[in-house]
Amino acid sequence: MLDILYGVLVGPLKDMAGSPAFLAEVVIGGLAAGLMYSLVALGFVLIYKASGVFNFAQGVMVLFAALTLVGLMERGAPLVLALLLTMAVMGALAFAIERVVLRPLVNQEQIILFMATIGLNFFLEGFGELVWGSNVKRLDVGIPDSSFMVWGVQVNRLELTAAITAAVLVAVMAVFFQRTRIGRALRAVADDHEAALSIGIPLNTIWIVVWSAAGLVAIVAGIMWGAKSGVQFSLSLIALKALPVLILGGFESVPGAIVGGLIIGVGEKLAEVYWGPLVGGAIENWFAYVLALAFLLVRPQGLFGERIIERV
Amino acid sequence: MREPTTPPPVASATPLLEVDEVSVRFGAIQALDRVSLEIGRGEIVAIIGPNGAGKTTLLNVISGFYHPTAGRIRFEGRDRTRLRPYDVAALGIARTFQNVALFKGMSVLDNIMTGRLLKMRGSFLWEALYWGPAMRQELAHREFVERIIDFLEIEAIRKAGAGTLPYGLQKRVELARALAAEPTLLLLDEPMAGMNVEEKEDMCRFILGVNDEFGTTIALIEHDMSVVMDISDRVIALDYGRKIADGRPDEVRADEGVIDAYLGVSHA
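Just so you know, the protein sequences line up as chains W and R, in that order. Just so we're aligned: 264 in this note's numbering is position 264 of the first sequence, and the numbers increase by one with no gaps anywhere. Take the position in the second sequence, starting the count at 1, then add 1000; the result is the number in this note's numbering.
Do not rely on the hints blindly, as some may be mistaken.
Stated by the list, open to error - To give an idea of the chain W side of the interface with chain R (calculated C-beta under 10 Å), a few residues:
| id | residue |
| --- | --- |
| 1 | 108 |
| 2 | 109 |
| 3 | 125 |
| 4 | 126 |
| 5 | 181 |
| 6 | 187 |
| 7 | 197 |
| 8 | 199 |
| 9 | 200 |
| 10 | 201 |
As the list claims (entries may be wrong) - Examples of chain R residues toward chain W, derived with CB under 7 Å:
| id | residue |
| --- | --- |
| 11 | 1082 |
| 12 | 1085 |
| 13 | 1090 |
| 14 | 1101 |
Bear in mind the hints are in silico, worked out from the structure with no lab data behind them. All residues carry an ideal CB built from backbone N, CA and C; glycine is no exception.
Just chain W, same shape as in the assembly (with noise of 0.2 Å):
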């Protein structure tokens, strides 16, 4: 008994003290693969702030933005090109989006605008690959996936790269949505799509700017993730990621999302290193399922969440 407390509580920190370069170099992988997983979480928070609905989409549209990008580039456009392409082909998607899925179902309950995008991931999924193939696709941005030493500490170069990316996408939106006008016509129209047409702010242009922002995101969550794995269906399988992120750090809340994926991203490395082998290792496949469970006993509402406060 005595045994299982110490291995449990005593044993791990023990370990960590005993090497701070190796504990700097997890903490600094968990908040790098955080960060991407803020990333994602995002595009949801975008679309969760203006259009009140779970997009359940999102990650496939992290696959389509890669295989989009990876598809032109084997056809020979530089990396530039294509990649303009690529937003001008999720600005395309968002504006598709909008007329056919968003429009007809105006003022429906959430729940119908949530099965709207669980079909929009079917037919995404199935279109990329109709017209991109479904095999594994190999993405090169030009940055190797090599480390360099920084104060006795490794440093994954595509991963700094995909941090650095990815903390000024996120200062920017973050900005950009919580300071502009932009920003209290979302929140006006995420709350009430009636009132908010009444006060003359045109739904339809907010849903594509919206959409369009979560597409970017998309297409840069889909290079990061895309250049370290491959570009293949899993792709789409790392929104599942972003679910514990957004339970942790609240659905409509952008420093939310970031805050949350940064911890998530540390916390499933420590548990990991540290506490993976007390159990056989693959901790780090559940182990933010279950701090995400653990927080909707909690804290329901998220970190930044908005709190719930029920008139009776």
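Position chain R relative to chain W; hints supplied.
Here is chain R on its own, set in the frame of chain W:
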């Protein structure tokens, strides 16, 4: 308080709003049947009628939420039959809803500020930095909103969450948000429903005050006949989607068709 941006036209010129032979049909239901009416500048017009008479449909058609199946609508002399709600808002028509459509997750102040969105201009970059012209603009809008808050006597609740307020106050905040847009025409869908006598008196005072001080033209749907008689310049009565009376309050009250519609007549 409000500086008119264009000189008011001669009184005899075109009415502010013209509804011309407008019909709305939902499947088998004829919600509005060739309704024609005019609303002049500065008027307070009450729209009355039994439940299902088409009053809210009429308001929805004017504010662009529904489009008429037939007929035309002109605002300030220009045809705008098929405009969408946000275009209508940009023209200067604001409205409130029968079942209070506030942004429940936002504070009272933020709710009213959203009413100013159409008035905000300028660069997003400045706004993002909250610096220079953007900050001055935000402050100017804040000042205007504070004046409306004073006017409607809701200073004490400006930081409260809109969803936590009692119903009567929510209706008042909704009115404040509509006023924040500085509308030319204000459409109120049952502004006094579910209020007690005291709240109703307050609301009457505010409606008359808005009309007086801002020169806002007001069309409202109301069931309480004593309120209608007190505040309106003109009353329009609807029944089964048709207009059955249009005139001074005392005329309409005495109208036989209106009495029949309300009390019911046996057509045996």
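Cross-check of the supplied hints:
At about 15 Å, the closest approach between the beta carbon of residue 108 of chain W and any beta carbon in chain R exceeds 10 Å, and the interface hint on this residue is violated. The interface hint given for residue 109 of chain W is violated, since its Cβ lies 16 Å from the closest Cβ of chain R, which is over the 10 Å cut-off. At its closest, the beta carbon of residue 125 of chain W sits 33 Å from a beta carbon of chain R; the interface hint therefore is violated under the 10 Å criterion. With its C-beta approaching chain R no nearer than about 33 Å, residue 126 of chain W sits outside the 10 Å limit, and its interface hint is violated.
For residue 181 of chain W, the shortest C-beta to C-beta distance to chain R is roughly 5 Å, which falls under 10 Å, so the interface hint holds. Checking residue 187 of chain W against chain R: minimum C-beta separation of about 6 Å stays under 10 Å; hint holds. A hinted interface residue such as residue 197 of chain W counts as satisfied when its beta carbon comes closer than 10 Å to some beta carbon of chain R; here the least separation is about 4 Å, so the hint holds. Nearest Cβ of chain R to the Cβ of residue 199 of chain W: about 5 Å, under the 10 Å cut. The hint holds.
Look at residue 200 of chain W: its Cβ gets to within about 3 Å of chain R, closer than 10 Å, so that hint holds up. The interface hint given for residue 201 of chain W is met, as the beta carbon of that residue sits about 6 Å from the closest beta carbon of chain R, less than 10 Å. Because the closest C-beta pair between residue 1082 of chain R and chain W is about 15 Å apart, greater than 7 Å, the hint is violated. Hint on residue 1085 of chain R holds. Least Cβ distance to chain W is approximately 4 Å, under the 7 Å limit.
The interface hint given for residue 1090 of chain R is met, as the beta carbon of that residue sits about 5 Å from the closest beta carbon of chain W, less than 7 Å. Checking residue 1101 of chain R against chain W: minimum C-beta separation of about 4 Å stays under 7 Å; hint holds.
Figure legend: structure checked against the earlier numbered hints; hints not met, in rising order: 1, 2, 3, 4 and 11.
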